[in-house]
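Take the given structure of chain A and dock chain B to it, following the hints.
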Amino acid sequence: MKETALYQEHIRLGGKIVDFGGWALPVQFGGIIEEHLACREAAGLFDVSHMGEIMVEGPEAEAFIQYLVTNDISIASDNHVIYSPMCYPDGGVVDDLLIYKFNKEKYLLVVNASNLEKDWQWINEQEKGQVELLNLSEQISELALQGPKAQQILARLTDYGLDDLKFYTFEPEVIIAGAKALLSRTGYTGEDGFELYLDNQDAARIWRQLLEAGEADGLTPVGLGARDTLRFEVAMPLYGQEIDARITPLEAGLGSFVKADKPDYIGKEALAAIRAAGVRRKTVGFEMVGRGVARSHFPVVKEENGPEIGFVTTGSYAPSVGKNLGMALLSTEYAVPGERIYVIIRGKAVEARIIPRPFHKKNYKK
Amino acid sequence: MNIKPELKYTKDHEWLRLEGDIAFIGLADYAQEHLGDIVFVDLPQVGDGISAGEVLGVVESVKAASDVYCPVDGEIVAINEELADNPAAINEDAYAAWIAQVKITNLTQVESMLDADAYEPFCQE
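The listed protein sequences correspond, in order, to chains A and B. So in our numbering, spot 271 of the first sequence is number 271, and the numbers just go up one at a time. Just add 1000 to the spot in the second sequence (first one is 1) and you have our numbering.
Next up, chain A with everything else stripped away, as it sits in the complex:
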């Protein structure tokens, strides 16, 4: 397994290490629920160094990325971060990514760890024009500091005016405890917070100093388990579950990131056709009415002995809601809020009810 620069820190803190797509990462430290709630109520610190970073530079960088992704990056100002799906010609999703715009000729793409190799190959296969691609993933460590107390904690380690850093913007060079970092106000928890991109050599020291600076405020190291429950409660998609090569962003409820009025891009035609015809499947939220926990890929039916109408994409206990909840991809005709459905759990049809997403209110500082 590959280790991040913080591996020894995780061991020291008693992190329970698992194999996450080839990376040795902590699934939890104290406990998933405790870490989840700490992040909602105070702050959490995450090692997300497994994420991939690809730099795209050159005179045609903007046009190239415009062609790769479904969202419109041309309207973003410098130092803004844009979320976008990246699709295949048929509208299935290659990956979803964050695009950091330095300027029209320089962008950093942050991609899912499990997709890095595939993305790198995919991006390189396209007609690039005057563009250089650089895979920086091995050199960069990434920390996420998330939660309502994230700013006051980070402020203790930097002179940079964090109030000036708005939601989904970044600063390429901020000095944090003497180390250079790219700092963005982004995250995957539904809370206010920051993501810090650091040289590997600085990562362990900054990790320790952040934990120390935040100790009195209740800052807790958070593993992959709570990272998943946090993003799930605010209905953020996870590649491989809500979206993948066979699920379009339109079906996943990400239509606002698929622009119709943008020059040619991969998947444009297919997605426009799907939109015109109406999506055949739709992602919904649901809560369990009967007893049981729905998990990924469990079938969903409309009547107890009826045919499948879809499947669970993510299901879990939701710590901030205190209920067993889920998201499911259903045939559009059944994707109606308030409707009763059944999830097949170990061969038994267990009642559930379609409810609106997100399950927990996002708490961003904008």
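Don't read these hints as lab results, they were simulated from the structure. Every residue, glycine too, gets a C-beta built ideally from N, C-alpha and C. One should not assume that every hint holds.
Stated by the list, open to error - BS3-like, lysine-lysine: derived pairs with alpha carbons at most 27 Å apart:
hint: 1; chain 1: A; residue 1: 16; chain 2: B; residue 2: 1011
hint: 2; chain 1: A; residue 1: 348; chain 2: A; residue 2: 361
hint: 3; chain 1: A; residue 1: 282; chain 2: A; residue 2: 259
hint: 4; chain 1: B; residue 1: 1103; chain 2: A; residue 2: 16
hint: 5; chain 1: A; residue 1: 259; chain 2: A; residue 2: 106
Said to hold, decoys possible - One-sided excerpt, in silico: chain A residues whose CB lies under 8 Å from chain B:
hint: 6; residue: 32
hint: 7; residue: 33
hint: 8; residue: 67
hint: 9; residue: 292
hint: 10; residue: 346
For chain B alone, coordinates are given in the frame of chain A:
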């Protein structure tokens, strides 16, 4: 990690305590620690017959589900209803939080289970 000398165990981390011909069965401390925060316990039906090796219940943590196998033949005579409302009781004290009581028909099955010393090696990671 806690192993109680007075209990019997399986290598799959079930524990059993005998009172007369009633076996109290639960999930061992090692397994609850491994699973993490337990959020749901699927309990069996009182009155059902069960054979050794069949699933007695399912314990689910935030991340994973784990089957609990019945180590003995018998009839389910009681289930721990408290676990429906408070599944985390297994995290708090795995040996107090029994899942079901089984009226056993074959005492030799209990005798052939692991004692604490024989069980301990199965708790090395």
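These are the hints, each one checked on the structure:
1. Of the pairs offered as hints, the one joining residue 16/A and residue 1011/B holds, with about 22 Å between alpha carbons and a cut-off of 27 Å not exceeded.
2. Among the hinted pairs, residue 348/A with residue 361/A is inconsistent with the structure: their alpha-carbon atoms are about 32 Å apart, more than 27 Å.
3. For the suggested pair residue 282/A and residue 259/A, the alpha carbons sit about 18 Å apart, so the restraint of at most 27 Å is met.
4. A threshold of 27 Å between alpha carbons decides the hint, and for residue 1103/B with residue 16/A the separation of about 38 Å lies outside it, so the pair is violated.
5. For the hint linking residue 259/A to residue 106/A, the alpha-carbon distance of about 22 Å falls within 27 Å, and the restraint holds.
6. A least Cβ separation of about 4 Å between residue 32/A and chain B falls short of the 8 Å threshold, and the interface hint therefore holds.
7. The beta carbon of residue 33/A comes within 5 Å of a beta carbon in chain B, closer than 8 Å, and the hint placing it at the interface holds.
8. The interface hint given for residue 67/A is broken, as the beta carbon of that residue sits about 39 Å from the closest beta carbon of chain B, more than 8 Å.
9. Given hint, residue 292/A at the interface with chain B, holds; its Cβ is 7 Å from that chain's nearest Cβ, closer than 8 Å.
10. The closest approach between the C-beta of residue 346/A and any C-beta of chain B is roughly 7 Å, which is under the 8 Å cut-off, so the hint is satisfied.
Hints 2, 4, 8 from the list above are not met by this structure, while the remaining hints are.
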